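Undergrad: For reference, the chains in residue letters:
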Amino acid sequence: MQSFLEYKDIQFTYQTQAGHTLNHINFSVQEGEMITILGTSGSGKTTLIKLANKLLLPTSGAIYLKGQNIADIDTKQLRRRMGYVIQQAGLFPHMTVKENINVVARLSKEDIQEARLQELLSLTKLPADKDFQTRRPWQLSGGQQQRVGLARALYCDPELLLMDEPFGALDAITRYELQQEFLALQQETKTTVLFVTHDLREALMLGDRVMVLRDGAIQQLATPEELIQNPANDYVRLLLQIGRG
Amino acid sequence: MIQYISIHYMSILQAIVEHLRLTAFSLLFSIPLAALLSLLLFHSKTLGAILTGFLVVIYCIPSIALFTMLIPWFGLGETTAVIGLTAYNQILLIRNIKASYEAIPQQIKEAAESLGISNRKCLQNIYLPLMLPYLIGGLRIVTISTMGIATMAALINAGGLGRILVEGMRMFSMPRILVAVILISGLALILNFILIKLERLARRYATGHEVAS
Chain A
62 MQSFLEYKDI QFTYQTQAGH TLNHINFSVQ EGEMITILGT SGSGKTTLIK LANKLLLPTS
122 GAIYLKGQNI ADIDTKQLRR RMGYVIQQAG LFPHMTVKEN INVVARLSKE DIQEARLQEL
182 LSLTKLPADK DFQTRRPWQL SGGQQQRVGL ARALYCDPEL LLMDEPFGAL DAITRYELQQ
242 EFLALQQETK TTVLFVTHDL REALMLGDRV MVLRDGAIQQ LATPEELIQN PANDYVRLLL
302 QIGRG
Chain B
23 MIQYISIHYM SILQAIVEHL RLTAFSLLFS IPLAALLSLL LFHSKTLGAI LTGFLVVIYC
83 IPSIALFTML IPWFGLGETT AVIGLTAYNQ ILLIRNIKAS YEAIPQQIKE AAESLGISNR
143 KCLQNIYLPL MLPYLIGGLR IVTISTMGIA TMAALINAGG LGRILVEGMR MFSMPRILVA
203 VILISGLALI LNFILIKLER LARRYATGHE VAS
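Read top to bottom, the protein sequences are chains A and B.
In this text, residue positions in the first sequence follow my numbering: the first is 62, and each later residue adds one.
In this text, residue positions in the second sequence follow my numbering: the first is 23, and each later residue adds one.
Hint data in this document are derived by calculation from the structure and do not stem from the laboratory.
It cannot be assumed that every hint is accurate.
As the list claims (entries may be wrong) - Going by beta-carbon spacing under 8 Å, a handful of chain A positions derived as facing chain B:
| no. | residue |
| --- | --- |
| 1 | ASN114 |
| 2 | LEU118 |
| 3 | ARG141 |
| 4 | ILE147 |
| 5 | GLN149 |
| 6 | GLY151 |
| 7 | PHE153 |
| 8 | HIS155 |
| 9 | LEU168 |
| 10 | SER169 |
| 11 | GLY203 |
What the hints assert, rightly or not - Negatives, chain A to chain B, calculated, CB over 12 Å:
| no. | residue |
| --- | --- |
| 12 | ASP70 |
| 13 | THR157 |
| 14 | LYS170 |
| 15 | LEU178 |
| 16 | LEU187 |
| 17 | TRP199 |
| 18 | GLN200 |
| 19 | ASP225 |
| 20 | ALA278 |
| 21 | ARG305 |
All figures in this text were calculated on a predicted structure; none of them were measured in a lab.
For glycine and all other residues, C-beta sits at the position ideal for the given N, C-alpha and C.
Hey, can you work out the whole structure from these sequences and the hints?
TA: So, in structure tokens, the structure goes:
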């Protein structure tokens, strides 16, 4: 069976750094699957997902999306097929909530679908009233900003959602609520997700499979149950011990 | 001084208009040229380093020397002055454009890039509104600097308030010198005030704070 997304022997080196940031990365993702990528700061998590939408280009190796090398896909087209959510949401401060969500359609002069906007506000549990839609990012709470960021990423109905510690800056309660809501949303939409986190609980709760990354190398890629029962090495065992208190 | 103003008010008004015209034309040419050069520099670091070095050298040439160097090609008068002032402005504007772009938070740049829209649309609709307060801030400095340097343009027959100043120095006429200095400083202060207001408006727009909380 063809994988939905496949990283084949990916290596990545930043020009300013000696040594590889990512080293011989090989893994594949099935359609509708959510992979959580777990690791400490500097382990290469963010770099790994930035390669998928060509924000970074690999030093060697190739990434295949539905069997097609992404190097052969037009960058704009590729990015339109993917949603990207980051820690501080990356909302554009001069735009309203509505403008942030439909920014791609608006700037591409495509039809802005009011129904889609309402659907996304409902999916992300945001108020649908006009007053809310005309607010600016600074007028929103951290949780609302993340929800708007998620709604924007979902606007074009992406095949793949890339999430870089999206709930990392939120308080514990809001974070838990958003995790639950996102899990329900992902199960409803069946979107394929690469989700970066440094939080073990989050990785185990959300991921169909969890990838443990250390110094740019995959330590283990397994279901949460497998990971807990059979840690591949001492590092994964230590990570589990520390993470679970 | 009052007597001088009452007799020569038409000549003073003409000098003010000439000075503002010199400044306006210089900015009119400087801004698009700096924008164009910035785009080129954005794509080539080597070219950027060479051109920036060249523009720094130009900036270090005393204005009267630069104007004199341009006379063989462009003659005496306003054209030479505008070309010289435009050349001076480039390093300030290019540095300012670069700093404005760097002031955009990295997360905004990544979010914008990941949308899959063209670079032009990204620049026009996302980056420029966020860069605007910094760009106006830079423009304010360049405007004041141009107002000052334009005074020297009188020495190459380009007119402006420098003409009154030069006359005053030649004739040891304090009223002329005072009128010129007060008017140059006054105009610079007025433009500075207007641009500060514009900068604040742009900042409120860029941060979404034009909406009442």
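Undergrad: Does GLY151(A) pass the interface check with chain B, least Cβ-Cβ distance below 8 Å?
TA: holds (3 Å)
Undergrad: Are LEU168(A) and chain B close enough, Cβ to Cβ, to be under 8 Å, as the hint says?
TA: Nearest chain B Cβ about 5 Å off; hint holds.
Undergrad: Quick check for students: does the CB of ASP225(A) sit more than 12 Å from each CB in chain B?
TA: violated (9 Å)
Undergrad: LEU187(A) clear of chain B by more than 12 Å, beta carbon to beta carbon?
TA: Non-interface label on LEU187(A) holds, nearest chain B Cβ at 17 Å vs cutoff 12 Å.
Undergrad: Let me know if the C-beta of LEU118(A) comes in closer than 8 Å to any C-beta of chain B, holds or violated.
TA: violated (13 Å)
Undergrad: Does the closest beta carbon of chain B sit nearer than 8 Å to the beta carbon of GLN149(A)?
TA: holds (5 Å)
Undergrad: Mind checking the CB of HIS155(A) against every CB in chain B and telling me if the closest is under 8 Å?
TA: holds (5 Å)
Undergrad: Can the hint on ARG141(A) be confirmed by a CB-to-CB distance to chain B that is less than 8 Å?
TA: Since the shortest Cβ distance to chain B is 4 Å, the answer is holds.
Undergrad: For GLN200(A), is the shortest beta carbon distance to chain B beyond 12 Å?
TA: With a cut-off of 12 Å, GLN200(A) comes too close to chain B, as the shortest Cβ separation is near 7 Å.
Undergrad: So ASP70(A) supposedly isn't at the interface. Is its beta-carbon more than 12 Å from every beta-carbon in chain B?
TA: Holds, since 25 Å exceeds 12 Å.
Undergrad: Could you let me know if the closest chain B CB is still more than 12 Å away from the CB of THR157(A)?
TA: Violated, because the least Cβ-Cβ distance between THR157(A) and chain B comes to about 8 Å, which does not exceed 12 Å.
Undergrad: Against chain B, is ILE147(A) within 8 Å by beta-carbon distance?
TA: Constraint on ILE147(A) satisfied, holds at 5 Å.
When held up to the earlier numbered hints, the structure conflicts with 2, 11, 13, 14, 17, 18, 19 and fits the remainder.
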